[in-house]
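Undergrad: Construct all of the structure, not just a fragment, from the sequences and the given hints.
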Amino acid sequence: DTAVSQTPKYLVTQMGNDKSIKCEQNLGHDTMYWYKQDSKKFLKIMFSYNNKELIINETVPNRFSPKSPDKAHLNLHINSLELGDSAVYFCASSYSGRSTDTQYFGPGTRLTVL
Amino acid sequence: KQEVTQIPAALSVPEGENLVLNCSFTDSAIYNLQWFRQDPGKGLTSLLLIQSSQREQTSGRLNASLDKSSGRSTLYIAASQPGDSATYLCAVPPPGAGGTSYGKLTFGQGTILTVHP
Numbered sequence: 001d002t003a004v005s006q007t008p009k010y011l012v013t014q015m016g017n018d019k020s021i022k023c024e025q026n027l028g029h030d031t032m033y034w035y036k037q038d039s040k041k042f043l044k045i046m047f048s049y050n051n052k053e054l055i056i057n058e059t060v061p062n063r064f065s066p067k068s069p070d071k072a073h074l075n076l077h078i079n080s081l082e083l084g085d086s087a088v089y090f091c092a093s094s095y096s097g098r099s100t101d102t103q104y105f106g107p108g109t110r111l112t113v114l
Numbered sequence: 001k002q003e004v005t006q007i008p009a010a011l012s013v014p015e016g017e018n019l020v021l022n023c024s025f026t027d028s029a030i031y032n033l034q035w036f037r038q039d040p041g042k043g044l045t046s047l048l049l050i051q052s053s054q055r056e057q058t059s060g061r062l063n064a065s066l067d068k069s070s071g072r073s074t075l076y077i078a079a080s081q082p083g084d085s086a087t088y089l090c091a092v093p094p095p096g097a098g099g100t101s102y103g104k105l106t107f108g109q110g111t112i113l114t115v116h117p
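Protein chains in written order, with the working numbering: chain A, 1 to 114; chain B, 1 to 117.
The set of hints was computed from the structure by calculation and includes no laboratory data. Please read these numbers as outputs of a predicted model, since none were measured by experiment. Careful, some of the hints might be misleading.
Unchecked claim - Facing chain A, from chain B, some residues (calculated, C-beta under 7 Å):
hint, residue
1, Gly43
2, Ser46
3, Ser101
4, Gly110
Note that beta-carbon positions come from the ideal geometry of N, C-alpha and C, so glycine has one too.
TA: Structure representation (structure tokens):
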């Protein structure tokens with residue numbers, strides 16, 4: 001049973017295209033996240049949602065638009081892709097937004113923009 | 001602004017050796033500190049969460065310590081095995097975040113551990 005799943009696992013696309021990454025968790029968690037891991041392996045929070053509501057938007061460009069249709073799903077749509085968007089994007093979830101909650105991560109989506 | 005640094009960036013040891021990974025943070029007003037493991041091509045797995053009121057937390061062969069006043073945490077791995085090979089990351093919530101951070105963790109850049117047979 002996969003706890004946090006993401007699709008696709010790999011995404012290769014041209015500059016200027018629009019793409020989406022999907023995330024689903026079957027843990028019954030209230031809070032979901034998107035992280036970006038750049039080429040230097042630094043992992044940074046992009047967005048967090050609690051009960052389908054946006055809680056954190058870490059100064060991410062407007063080209064990135066998350067959508068949470070329900071508590072189990074958090075999708076990420078990216079418009080007008082740029083070379084600098086190439087990275088690994090991780091989805092995660094936790095029971096609530098408390099700092100003591102364990103976050104469960106998906107396997108990541110490796111995005112390559114050519 | 002909180003900064004988290006991990007030393008060394010990479011470590012290669014023979015199987016069976018005990019080892020220590022280091023994590024330092026600039027703002028000591030943290031609520032807790034977490035250690036994660038990342039296997040190549042996979043997501044992160046939480047290993048240990050140590051509260052600010054604790055000094056140590058243990059899970060199997062892993063032991064994490066926390067010294068808030070000096071801004072340091074260590075992850076001790078006993079009797080290392082090739083299966084321990086992975087990248088180890090530490091992360092802290094925003095200073096003074098109290099009980100809720102909604103994932104706004106600051107991560108170190110990780111230590112790449114290789115345990116060879």
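Undergrad: For which of the previously enumerated hints does the structure constitute a violation, in increasing order of number?
TA: No hint contradicted; all consistent.
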